[in-house]
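Sequences and hints are given; from them, build the entire structure.
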Amino acid sequence: MEKSNGTCRPQSWFVIFVSFGLWFVLFYFNSEAFISSKNKVQSVMADYVYGITYPQSINPVENVTDTDESTVDDNSVDEPVEIDEPRNEDPIAKNGNETDDLTDLVKEIEADSGPDPSCSGKYIYVHDLPSEFNEDLIKECRTLNKWIEMCQYMVNAGLGPRIGNSQGVFSTKGWFSTNQFMLEVIFHNRMKQYKCLTTDSSIASAVFVPFYAGFEVARYLWDTDVPTRDAASLALVKWLTSKPEWKVLGGRDHFMVSGRITWDFRRLTEKDEDWGNKLMVLPEVRNMSTLTIEASPWHRNDFGVPYPTYFHPSSDSEVFQWQSRMRRQRKRFLFSFVGAPRNSTKLIRNQLIDQCLSSKKCRLLDCNKGNKKSCDQPSKVMKVFQNSIFCLEPPGDSPTRRSAFDAILAGCIPVFFHPGSAYTQYTWFLPRDYKKYSVYIPEDQVRDGKVNIESVLQRYSRDQVRRMKEEVIKLIPRVIYADPRSKLETVEDAFDIAIEGVLERVEKARIDLREGRNPDEPPYLETNTWKYNLFKTEEKHEWDHFFYD
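For what it's worth, this note's numbering labels the leading residue of the sequence shown as 1, then goes sequentially.
I should point out that these hints are in silico values taken from the structure, not numbers from a laboratory.
Any given hint might turn out to be false.
Unchecked claim - The calculated lysine to aspartate or glutamate pairs, modelled on EDC-like cross-linking and capped at a C-alpha distance of 16 Å, are:
hint, residue 1, residue 2
1, K271, D223
2, K243, D200
3, K238, E284
4, K435, E471
5, K247, D272
6, K238, D316
7, K450, D316
8, K122, D200
9, K536, D433
10, K195, E492
11, K173, D316
12, K271, D230
13, K192, D496
14, K346, D444
15, K435, D397
16, K373, E521
17, K474, D316
18, K508, D520
19, K122, D496
20, K346, D549
21, K195, E284
22, K331, E470
23, K146, D223
24, K508, E521
25, K487, D316
26, K331, D463
27, K243, E149
28, K122, E504
29, K122, D354
30, K360, E454
31, K271, D225
32, K469, D433
33, K278, D225
34, K278, D230
35, K243, E284
36, K436, E471
37, K474, E500
38, K139, E149
39, K195, D496
Listed below in structure tokens is the structure:
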């Protein structure tokens, strides 16, 4: 009996142990904690796999096989194409309040572990604007431009359709047919990947306002009255000023991004025939920082940021590989010009075209009406830039051009004719010593027939050209916007640099307030903003005649 009892006792304990374990497993896998964790993982993985999708192109075209062999003639056609993405419903459009999985995850991380020490002084709070200020504009993409079908550019998180590589002009990844006015969508989607987002505005160093100002005004730039053009701007200001976040610094910690030039938002009169709306002259908006593809040289709250290019890498290696390729790129032409003539006698485009046509060392891609289709093809444009040592970048409808950034991307040394085309515009992104990476030829000398472009450019020695080209290639990461659906590890792109600039400006405003200074009264005349930002002085300068009548 003793032996029999001893044998049964451990078996009983084993049964009890196993029963308890099964009970625990069943309890946990049916608990709210497990279900919440499982749903969160599934949600984040779905977002990672499928990314952000936008309305599909109305006229999708067939894919082109990528190749690195440049064997196609200059006259061949390389049409942009879309990638084959899941045609699921746009998560942004579906969720009207924009609290997507990423935001939910941020909330949980903050609740569990508190603020991240590495984000001290870098936290950004994003306003949850009503959909009329952003999402609805994407849904109504057919109304954004009278002459261009903008819906096709909404795919791939605002990057546009992927580009085929039949001419071997591009690398195999990261190239898109990006419209130059898409920065608002690209920037907003990049912000969703920003490491230091917070849902607690009390710890935020800056507040982002995701208003698609360029999209909104583009619908009404022609044939509309003043009240129609101003309605959304006034509604935005009313909404912002009603929020507690605004009252902290009166909007001085707020910033927004525009994908159009500043002059579309600076109407000074109430006349219907005058251009644009008055968004950026409203007193409340003047307290904010506004980032635009072309800023005003005379206003302290306006900051120029690069136009979007065709290159949106998903990894550091894609950037490094492209830079290496541009270092090896052989140049066939001394200089080139991609653009259309202008009828205005104030502009020098016609003179540049004439000089290019008369030189055997210049490559012209004429974007006049009959040839406009060639200039709408990224491969045509980038091939010209890649084959040129110098790229001419004169003013057009305004001083700046997207072309300047495409040229830098191709390792082509830009030639500027007006200091407002780059030097006074993009001080956060380009070296203040502009002679390191560019050539400057005053436009009045060209207009008066006093200078020959070919002769000026031939004076640069081979060693000088080599050094300048290397400076240009080093600038490539600073003037591109990475794919919003990915993250670069060590490379800072234009988005990162813009955020740093905003945070520094807001911190300076806070310091001024703490030390009894008025942040709205800088130590220089506002009309000298361009000069102070570039030279840190208001002394007379040889460029004064470009900015003052």
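Proposed proximity, D316 with K238 (alpha carbon, max 16 Å) | Outside the cut-off at roughly 42 Å; violated.
Is the straight-line distance between the alpha-carbon of K271 and that of D230 16 Å or less?
-> holds, 12 Å
Hint consistency between K508 and E521 [alpha-carbon to alpha-carbon, up to 16 Å] = Since the Cα atoms of K508 and E521 sit roughly 12 Å apart, the hinted pair holds (cutoff 16 Å).
Quickly compare the C-alpha distance for K271 and D223 to 16 Å and report which way the hint goes.
-> With a Cα-Cα distance of about 12 Å, the restraint between K271 and D223 holds, given a limit of 16 Å.
Under the criterion that the straight-line Cα-Cα distance not exceed 16 Å, is the pair K122, E504 satisfied?
-> holds, 10 Å
Pair hint K331 and E470, alpha-carbon separation not exceeding 16 Å = Holds: K331 and E470 sit about 14 Å apart, inside 16 Å.
Does the alpha-carbon distance linking K373 and E521 stay inside the 16 Å limit?
-> Between K373 and E521 the Cα gap is close to 48 Å, so the pair fails against 16 Å, i.e. violated.
Are the Cα positions of K487 and D316 separated by 16 Å at most?
-> Satisfied, since the Cα-Cα distance of roughly 9 Å is no more than 16 Å.
Agreement of K195 and E284 with the hint, judged by alpha carbon distance not exceeding 16 Å = Not satisfied, since the Cα-Cα distance of roughly 29 Å exceeds 16 Å.
Straight-line alpha-carbon gap K469 to D433, limit 16 Å = holds, 15 Å
Agreement of K278 and D230 with the hint, judged by alpha carbon distance not exceeding 16 Å = It holds: about 6 Å lies between the C-alpha atoms, which stays within 16 Å.
Taking only the CA atoms, is the gap from K435 to D397 under or equal to 16 Å?
-> Between K435 and D397 the Cα gap is close to 25 Å, so the pair fails against 16 Å, i.e. violated.
The structure shown violates the earlier hints numbered 5, 6, 7, 15, 16, 21, 27, 29, 37.
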